[in-house]
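Novice: Going line by line, the protein sequences match chains V and E. Every position in the first sequence, counted from 1, becomes a number in the numbering used here once 5 is added. Every position in the second sequence, counted from 1, becomes a number in the numbering used here once 22 is added.
It is possible that part of the hints are untrue.
Restraint-style ranges between C-beta atoms, simulated for each label pair [unchecked claim]:
| no. | chain 1 | residue 1 | chain 2 | residue 2 | range |
| --- | --- | --- | --- | --- | --- |
| 1 | V | S169 | E | A90 | 55 to 63 Å |
| 2 | E | G119 | V | P191 | 49 to 57 Å |
| 3 | V | Q173 | E | K32 | 50 to 58 Å |
Because the hints were derived from the structure by calculation, they are not lab data. Ideal placement from N, C-alpha and C gives every residue a C-beta, glycine not left out.
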Amino acid sequence: MAFKAHGVRSYQYSFDARAGGPGRLLVFGDQGRIAEIGFVGEASPVPQPVIAADLNTATVWFKRSAFPVLVDLLRNHRPVQVTIDDEGHVDVLRAHGLVDSIVVCSTCNSALVAAKTNGIHEAMRRLIAYCGADAPAAICPITFHLDGDGACGPYESGDTGGFSLDAQGRGQICLFDVEKENRALPFTVANAHLIEDQLLAVHEAMHGWFVGRQQTYRIQEPFCKLVSFVIAEMPGGPEYCWWFSATPDDHPDVLMKYLCQIGMTTALAARVLAETARAAAAKGGALTELEFADVVTMVIGQDAVPAFQSAGILP
Amino acid sequence: MAFKVHQIRKYQYSFDARTGGPGKLQLWGDAGRIAEASFVSETAQVPTPVIAADLNSATVSFRRSALAGLIDMLRNEDPVSVTINNQAPGFVFVSTGLEPVGEGEN
């Protein structure tokens with residue numbers, strides 16, 4: 006079975022005086038119209054969806070009683086998706102995003118989990134605003150594990166944390182907040198909700214954000230780091246090129262050093278990420294290294310390819 | 023075939039105790055009344071819209087079940103417009119603009 010999920014960006018609807026009720030509800034994504042929805046009387050049979058061969062658009066019908074619920078969904082919830090498959094199914098649904106992330110801990114008390122959950126959710130809201138897009142709905146909700154458990158395995162000294170996908174393709178992040186010896190702030194109820202305590206949570210969530218958009222570790226890593234500095238309000242901001250200026254060429258962060266040399270800023274990085282999300286959605290898959298470099302070139306207004314070559318990412 | 027699109031600035035509606043349900047819904051634009059809507063029962067036939075020759079106003083009907091959705095639209099969406107089209111037998115739509123998804127999310 007082939008299947009596509011489309012993020013809904015906007016919608017438009019009308020009442021039709023000929024029908025005496027709801028007319029059309031049009032649903033739009035980044036690439037234009039995803040679905041045209043008509044409405045039939047409660048006693049009428051619902052026509053079968055008409056689905057485009059590329060699974061990018063569909064014409065569907067619902068009963069009139071579904072109309073206010075659909076408008077409520079579109080108006081009051083985000084993200085919303087339309088999923089279309091080649092077996093004739095078209096669904097409009099409230100999808101999960103980063104703010105729906107789940108926080109678990111096998112050894113913490115409930116107050117500590119609640120404080121960390123508040124801190125992570127606030128950081129995720131800021132991350133989405135900064136990047137101009139949520140993480141792909143397919144990997145959400147993400148589960149943050151605060152200690153070593155069945156998903157993360159036991160903590161080993163020196164572990165920092167990590168992002169991975171579970172067997173269902175959902176994101177999971179291991180933070181080891183409970184065991185870690187080198188935390189900047191002690192892991193307490195008083196600290197766990199603070200935005201400065203979310204540096205690692207944001208960094209690892211950004212690896213999830215890149216899923217399906219750009220898969221190269223040496224591109225992801227410097228952007229994950231920069232976004233974590235911005236969102237967690239690391240001292241020395243809001244510009245952080247100073248942090249990358251001495252990065253050695255064999256370090257996975259080195260791309261940012263070369264991008265800073267051609268004018269990268271905190272604001273431009275946000276635009277690069279927003280454009281990356283848009284371009285990957287338009288392409289229907291992850292950008293290549295060269296396509297990502299082209300996005301940076303467009304945003305910065307200077308040829309970024311030499312920076313990617315200096316960082317050893319492009320030949 | 024010709025059509026005009028009118029922005030709705032204000033609206034007014036009533037309940038009529040004689041019928042025990044919605045009375046009239048009036049839609050107003052910069053130049054005065056654009057449309058007057060009546061409401062018919064769910065099983066009644068919906069009368070064809072009556073459209074002014076200059077396409078500046080229309081008299082229309084909706085089913086009673088549409089009233090709540092129309093009021094919700096007029097109260098919560100901006101802009102809302104009325105499209106009057108004289109292609110036989112006459113089209114009248116009350117439409118939103120392009121609304122961002124999740125705009126009302128708390």
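Novice: Hint by hint, say whether it matches the structure.
Specialist: Here is how each hint holds up against the structure:
1. Distance hint for S169 of chain V and A90 of chain E: a CB-CB separation of about 47 Å, inconsistent with the stated range 55 to 63 Å.
2. A beta carbon spacing of about 51 Å between G119 of chain E and P191 of chain V agrees with the range 49 to 57 Å that was offered as a hint.
3. Range check, Q173 of chain V to K32 of chain E: Cβ separation about 51 Å, and the 50 to 58 Å hint holds.
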